[in-house]
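2 protein chains.
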Amino acid sequence: MSDNKLPDLIVGAGPAGLMAAAWMAHCGVSARIVDKRGTKVFCGQADGLQCRSLEIFDSLGFGDRAWKEANHMMEVCMWNPGEDGKIRRSDRIPDTIVGLSRFTEIVLHQGRVERFFLDNIRKYSKDSIKIERGTLPESIEIDESKIDDDTAYPVTVKLRRLSEEEATPAQQAKAGQPSDGLFRSSLVQSDDEGELLAKAGARGGESEIVHAKYVLGCDGARSWTRRQLGLELCGEATDFIWGVLDIIPITDFPDIRKRCAIHSAENGSLMVIPRENRLVRLYIQLKEVTPDANGRADRSKITPEMIFAAAQKILSPYKLEYQYCDWWTAYQIGQRIGDKFDVHRRVFLAGDAVHTHSPKAGQGMNVSMQDTYNLGWKVALVAKGIAKRSILETYESERMDVAQQLIDFDHRFSRLFSGRPAKDIMDEEGVSMEEFKNVFVKGSLFASGLSVDYDASMLVAKPEASAQALATGIPVGMRFNSFKVVNQSDARPRHFQELLRSDGRFRVVLFAGDILDAAQKQRVDAFCEKLDTPGSFLRRATPEGAKPDSVIEVLTVHAAKRGETELLRDFPDVLHPFDARLGWDYDKVYVDEESYHEGFGDAYGNYGVDRVKGCVVAVRPDQYVGWVGALEDFDGLEAYFAGCLVLRGK
Amino acid sequence: MSDNKLPDLIVGAGPAGLMAAAWMAHCGVSARIVDKRGTKVFCGQADGLQCRSLEIFDSLGFGDRAWKEANHMMEVCMWNPGEDGKIRRSDRIPDTIVGLSRFTEIVLHQGRVERFFLDNIRKYSKDSIKIERGTLPESIEIDESKIDDDTAYPVTVKLRRLSEEEATPAQQAKAGQPSDGLFRSSLVQSDDEGELLAKAGARGGESEIVHAKYVLGCDGARSWTRRQLGLELCGEATDFIWGVLDIIPITDFPDIRKRCAIHSAENGSLMVIPRENRLVRLYIQLKEVTPDANGRADRSKITPEMIFAAAQKILSPYKLEYQYCDWWTAYQIGQRIGDKFDVHRRVFLAGDAVHTHSPKAGQGMNVSMQDTYNLGWKVALVAKGIAKRSILETYESERMDVAQQLIDFDHRFSRLFSGRPAKDIMDEEGVSMEEFKNVFVKGSLFASGLSVDYDASMLVAKPEASAQALATGIPVGMRFNSFKVVNQSDARPRHFQELLRSDGRFRVVLFAGDILDAAQKQRVDAFCEKLDTPGSFLRRATPEGAKPDSVIEVLTVHAAKRGETELLRDFPDVLHPFDARLGWDYDKVYVDEESYHEGFGDAYGNYGVDRVKGCVVAVRPDQYVGWVGALEDFDGLEAYFAGCLVLRGK
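Chains as they are written, first to last, in UniProt numbering: chain A, 1 to 650; chain B, 1 to 650.
Hints in this document: simulated from the structure, not taken from any laboratory.
Note that the structure is a prediction, hence the values are computed from the model and not measured.
Beta carbons: idealized from backbone N, C-alpha and C, even for Gly.
Hints may be right or wrong, so weigh each one.
[Stated by the list, open to error] Derived DEER-like restraints, expressed as beta-carbon distance ranges:
1. Asn294/A - Gly545/B: 45 to 51 Å
2. Asp602/B - Arg611/A: 47 to 53 Å
3. Gly85/A - Val612/B: 24 to 30 Å
[Claimed, not checked] Now the stretches of chain A that chain B is said to cover, found in silico as 3 or more residues with beta-carbon under 8 Å:
4. 71–83
5. 245–253
6. 482–492
7. 563–573
With the rest of the complex left out, here is chain A:
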């Protein structure tokens, strides 16, 4: 038995756990990540990736891989019964709201997403963070006497390594047969950790004790971590049972390569999600299966054949056949959420461990990853002594709100989708197709992940109206939107978000305005002088010996003409720091002007910033806007950073 101390132990190597591990890798914090399964998933599971997830992937360095491999879903078609009772296309709308992001919603198998994470974690951690598969926690204890001690490792976890056989889930398909996802579905109640541990214990599996500063429970809907902490999810199940098939369809249904929401007159509803590699996912309402008196459905009735037969009925009179099925499962619709997301800010729950819902809105993987995208950098910066430990409170306050919105959206959407369509306005039992469409369209903004607006906290300085008016397109609390700007030194156009990489750094974005205007130049010089003094928050936040931009990076976007300005002549040194080996930094100053080949981003216009006077914005490491103010309000900016970062000396 070995004895280990480490900043961060992550339980569960699904998308939420991998996102947390990615943050540790990018921030240079050592961590371990364990998963009871012996392999990553190879088929089935979640597949929808919303705009915000792609922005995040891009900031980690693998957005391009997802974008290239995925199926791009461009259009949603609504199909409803016509007067003859047969389904017909009633509406055709874009799948992603136009203009919302530089990405659109795409569909890609969860196993590929996990592959991208694994490659990325390996690269950035220099192979030091490896997924320990077939490894199961046996016990967890928090030493409450040490929870406020920054130097302590108050969480003790006992880990046990399973044999390879024990860790291999039953999901893996036999040759020529589709994978059966039922074993992980909401219809199954078995406590597989208990079974696994009993087996492992009988054989005397190897175990070890780990002492962690923080433990992140990303271990899914039946979270071991959550149960060990005595926490529960609250919510309800419905009577609606749905099946899922991943097939290569052979059909004359004309919209099989579009996302479709289909309400049949009497046979239930169906959603079509076109996938990569000619696959299509069908979500199929199973009207013939109903829960028993205990509210649980009979698993044994559910087979791929009966799911497929239900799909054929709904799609009729169109024909549907297949020769290849990749995966199938079934689930009972319900929404549940935890009332606590952490214990003592030392053990955190994320993803399905604190919120579960139905999969059709394509939100599950996204919101789960975004939970740990919110949490990971906070844990990493606190563990490194860069940020104050109190910022960890904002995980629950920020993410519980999002989870509740998700639950509410899913509750409403899934009931409307599972309901029988009203035959006419007199049919009070049915669902109005007009209402369904309205909820669907309104849901698109939520489903993009871009409507998240975090409340005021030490990380979100909700401004006076007069300050927000300096940058109407950069609302504090929301993610920094992206428009193209042009590099001052090499004229290359860049999406502004490309500059906001997920490397654990806060950023100060100086909208320098018209730097050739004498009065404005004075304001910029005055701001930079304060920034550049040894006592400024910028210097005090940076550990001795570290690069000047290692904790807070200063980026500049000006609005004068590039051809009339020179980096070294017109912009103070603090905006393009000098390095003895690398020379001046040419990647920090940008201009809002037309590029040669990629048009005009009009960043000032889109961000609502005055082209002469500019403004200053503070950005969190997760691209959310923390503060907005005028160049003169240096004290306000300093107060923001003093509130969340550890500032040294003075």
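Using the hints provided, position chain B relative to the given structure of chain A.
Leaving out everything else, chain B in the frame of chain A:
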């Protein structure tokens, strides 16, 4: 000693050889590729990638990797002496002509390009084509009695495998020292194969005999293959000696992150090429080194220190220093070209083996790769029995012309760049800066690789003016330009070139026009009926049992409204072939309309095609346009394919 027969032996694993191997991998033709060096290059060498090379990389599947890693060079600045004799910026122009391609010129180290090729070849050949390093040809013989026999392997090559030590070039840098590229420069005359063979022979290196249908000599400026065949390069050297440094510069020169052409008053000229990873390549005229009576320069005089000192003088009064140097070399400007590019159409020479010139225009790697991009598919399709062997004649006819243009351009450009700038119009000895700029700007089109226009041949059916008038933006003989179109079935926008993947297939592009117009629908139906008969060129070109689109793929772009048309209802089956396992093909029919998120490609407008009547275009596997005609000219289209492909039965 083993005895091997194979379709294709490639000598040399630089960019030209790797491009040839990539074609074999993508076309499913077995091949071997040998290189005398023990490793690929890690620094230095060529680095400029022009638009056309990126289009080609994209068609092979790795354009995105190059695009992501490279430095994007957006702007060129001209610096000339002002009236005070000091250099000053005189002009600022875009590096790539605007609107020419969806890519712009980028800069990336040759070693990374080779890495992308190696990964791509491994993937598409399923690991069957591996680079055999440290392997050297000893002898080559062509059995002239068999050169016209399609089933024969008339080229016999003896290969010898070197020990690891023998194959490791002296280029590899010692720790902390820059790599010295002089050993491969034009200033060195040593016959290293001879030395290597002598060594290997003395130790009894392992050897084998290979019988190949075709041998591709891609073995560089001192090509062993060329010398064995008794062929020579003709041309001349100049007195101009240039040095090259790859450094991370520390400088106050304002345009160090832009491409710059600098003529100093008295100290020679300098070109700045900003690179990835903060590196900058400097091409520096060495006025202090001059050739001896034999026209050769004294190598021993040339050191990185003296090259750097020359750069400092030229850039003065700006300061230039560095702490890190990655690589350096020197070369003597000259232009040479072979008078034969093949022997009996059985052994071919490509790249530096048949044309050498100075590197500053960033053309070398590009034109070399494009040689084998032209040759590779021809050899592959002939080896597979798909194409007639006579198409191999077009390699020399097409590429010699391009090589000659390159030589002419480089001849003119390098003399103007090496000349002292004229002080005023009376100074007849100097170079006019106006003339230099004009040649530079005109050279940009040539340098993009997009001005190539192949002459009439069995692969290029130069049309009557009336036929070309049907598609004024798709000139026969040039590469198919790219505009965005929208997929009929899933509404996803695609650059048209994305559909022209380098998989060895010819393509028929049916611009179907307004498919909802009754008369036009009749024309489309009539065309498709001919295409779909068993006796059509499409069917006869396809081997029995092969997929119907495996030799010639039919792509459709129509101009009716997507929302009013249906794939299965409005487009004949031959345009979206059915597969028993995969269903209908949803990736072959496109529409020219506005997309939701990526604007309007206006393909019909840009291609100059009538939106009602459309036209038909035949495209070669390398994206060059082979034929243009009306939907009624089925016989003309059939004649084109009968001229270059093997058509079976009737």
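Here is how each hint holds up against the structure:
For Asn294/A and Gly545/B, the hinted distance range of 45 to 51 Å is not satisfied, since their beta carbons lie about 57 Å from each other. For Asp602/B paired with Arg611/A, a C-beta distance near 32 Å fails the hint of 47 to 53 Å. Range check, Gly85/A to Val612/B: Cβ separation about 39 Å, and the 24 to 30 Å hint is violated. Counting residues of the stretch 71–83 of chain A whose beta-carbon sits less than 8 Å from any beta-carbon of chain B gives 5, enough to reach three: the coverage restraint holds.
Counting residues of the stretch 245–253 of chain A whose beta carbon lies closer than 8 Å to any beta carbon of chain B gives 5, which meets the minimum of three for the stated coverage. With 5 residues having a Cβ less than 8 Å from any Cβ of chain B, the stretch 482–492 of chain A passes the three-residue criterion, so the hint holds. Requiring three or more residues with a Cβ within less than 8 Å of a Cβ of chain B, the coverage given for the stretch 563–573 of chain A holds, as 5 such residues are present.
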